[in-house]
Amino acid sequence: MKRKKIMIYALVSCIAIAAVLIYSFVGKGKSGYAFETATVERGSINNSITATGTLEATNTVVVGTQVSGVIEKLYVDFNSIVTKGQLIAELDKSTLKSSLENAVADFNRSQAEYEYQKSNLERMKILYDKGVLSDSDYDLAVYNYKTSEANLSSSKANVEKAKRNLGYANIYAPIDGVVLNRAVEEGQTVAASMSTPELYTITNDLSEMQVEADVDEADIGMVKVGQHVDFTVDAFPDDTFTGKISEIRLQPNESSNVITYTVIVIVANPDKKLKPGMTASITAYVEEANDVLLVTGKALRFTPEREMMMAYFKSLPEDQRPARRGQRPNGSQGNRAGKETLDSGSRMGQQEDDSKKTVWVKDGNMIKPIHIETGINDGNTVEIVSGLNEGDKVVVAMREGVEEETQENAQADSSEGQSSSPFLPSRQGKGGRPPR
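Under full-length UniProt numbering, the first residue of the sequence shown carries the number 1, and numbering increases by one thereafter.
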């Protein structure tokens, strides 16, 4: 009796285990594979580069003096608003006035000498014409006259120079603007013998400024005049300022074997928050597109594995399996059709270039390869130029042992920057600016 019970228990256990195994294999055959899809949507996309730069005034003038002397009076100071032609500084004029007086006195002597030599030459000419004056005496009179004439011209020029130097003692603002820097003090002696001494630095109105950004040589090929730029400064970390690229300078800058190029960005500064010398962290948008078709980059990186696709086709009911053209579907034909689908995708992939890609689109229980042309790629999301329509479902992953699932938002997980396909290596994307 006890032996009989043991056999009954063993038989029940075997039946239970067999039921579990049958359920596992049959159930998995019906719903063991699923395609994760993303929806093609409309939106905005951009591609950007980053750089750092320094804010500068668009027009800065260093004001100096053309003559040496002692600073007698300074009429403006730091941050003073000045207008073109305004008197801003004055040198001591005593030495310059003395120089002018000496030049005038020398001119008067030269003029008197000239008048004398002119009259003397006229008398000598009369005597020479009468034959009572030798050639040498006449030539000497001519020489003295021409020498006095040259001395008169020289002394006249010296008078004009002394007058100009006296005028240089008054320093005037060359432009309308604001004083950024004052480099001298009243009573200080300035010497203009070798170089022009700096008195002031004046800039034009700071309502418009420029960023002088250093762009790496690897990125400079994408930068174009007119492109949009956003930037921040440490003084206002929560504010984003905008500008446009106005100039790309050809002269390279080399530092520690690193080559950069200077890019000028014009910036509006109506509230005068930005100041010269601030460091700007800029983002230049080298590619931008609005209201275009977009799909997650994971769709371009997905390629179904042959073995998993064949298993998926086998798991479908016979009436849902793909058939070869002109034939009713059965198991072996479904396998051949699946192989043809994969081979078609492989052939299309071999013909791709940088802008032409292949994605897999869900079509009922099937997926099919679609040849597409792409545009901007920010590392996470890709612009679709042709080949897909808004609302199309593209496959981004194929999973085993899960129910069918669909990712409705094409950009829902684009921030991950990597494919969720179990058959492909992860790929880190490059971030971009949010759509505006």
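Treat each hint with caution, since some may be false.
Unchecked claim - Pair by pair, the computed Cβ-Cβ distance ranges are: (1) 192 <-> 118: 17 to 23 Å; (2) 160 <-> 191: 19 to 25 Å; (3) 252 <-> 160: 33 to 39 Å; (4) 43 <-> 270: 49 to 55 Å; (5) 54 <-> 191: 27 to 33 Å; (6) 217 <-> 194: 36 to 42 Å; (7) 276 <-> 66: 23 to 29 Å; (8) 43 <-> 83: 47 to 53 Å; (9) 111 <-> 79: 50 to 56 Å; (10) 105 <-> 140: 24 to 30 Å; (11) 83 <-> 112: 29 to 35 Å.
Claimed, not checked - Keeping only pairs whose Cα atoms sit at most 25 Å apart, straight-line, the calculated DMTMM-like set for lysine to aspartate or glutamate is: (12) 275 <-> 36; (13) 356 <-> 271; (14) 163 <-> 208; (15) 244 <-> 198; (16) 118 <-> 129.
Keep in mind that the hints were calculated from the coordinates and are not lab data.
Glycine is no exception: its CB is placed at the ideal position from the N, C-alpha and C atoms.
So, going through the hints one by one against the coordinates:
1. 192 <-> 118: 17 to 23 Å: violated, 39 Å
2. 160 <-> 191: 19 to 25 Å: holds, 23 Å
3. 252 <-> 160: 33 to 39 Å: violated, 47 Å
4. 43 <-> 270: 49 to 55 Å: Violated - the Cβ-Cβ distance for residue 43 and residue 270, about 32 Å, lies outside 49 to 55 Å.
5. 54 <-> 191: 27 to 33 Å: holds, 32 Å
6. 217 <-> 194: 36 to 42 Å: Roughly 38 Å apart at Cβ, these two residues keep to the hinted range, so it holds.
7. 276 <-> 66: 23 to 29 Å: Given about 26 Å between the Cβ atoms, the range holds.
8. 43 <-> 83: 47 to 53 Å: holds, 51 Å
9. 111 <-> 79: 50 to 56 Å: Given about 51 Å between the Cβ atoms, the range holds.
10. 105 <-> 140: 24 to 30 Å: holds, 27 Å
11. 83 <-> 112: 29 to 35 Å: violated, 46 Å
12. 275 <-> 36: Roughly 52 Å separates the two Cα atoms, so the pair is violated.
13. 356 <-> 271: Since the Cα atoms of residue 356 and residue 271 sit roughly 47 Å apart, the hinted pair is violated (cutoff 25 Å).
14. 163 <-> 208: Violated. Residue 163 to residue 208 sits at ~39 Å, over the 25 Å cutoff.
15. 244 <-> 198: Roughly 33 Å separates the two Cα atoms, so the pair is violated.
16. 118 <-> 129: Given that 25 Å is the threshold and the Cα spacing comes to 17 Å, the pair holds.
Going through the hint list in order, the structure does not satisfy hints 1, 3, 4, 11, 12, 13, 14 and 15.
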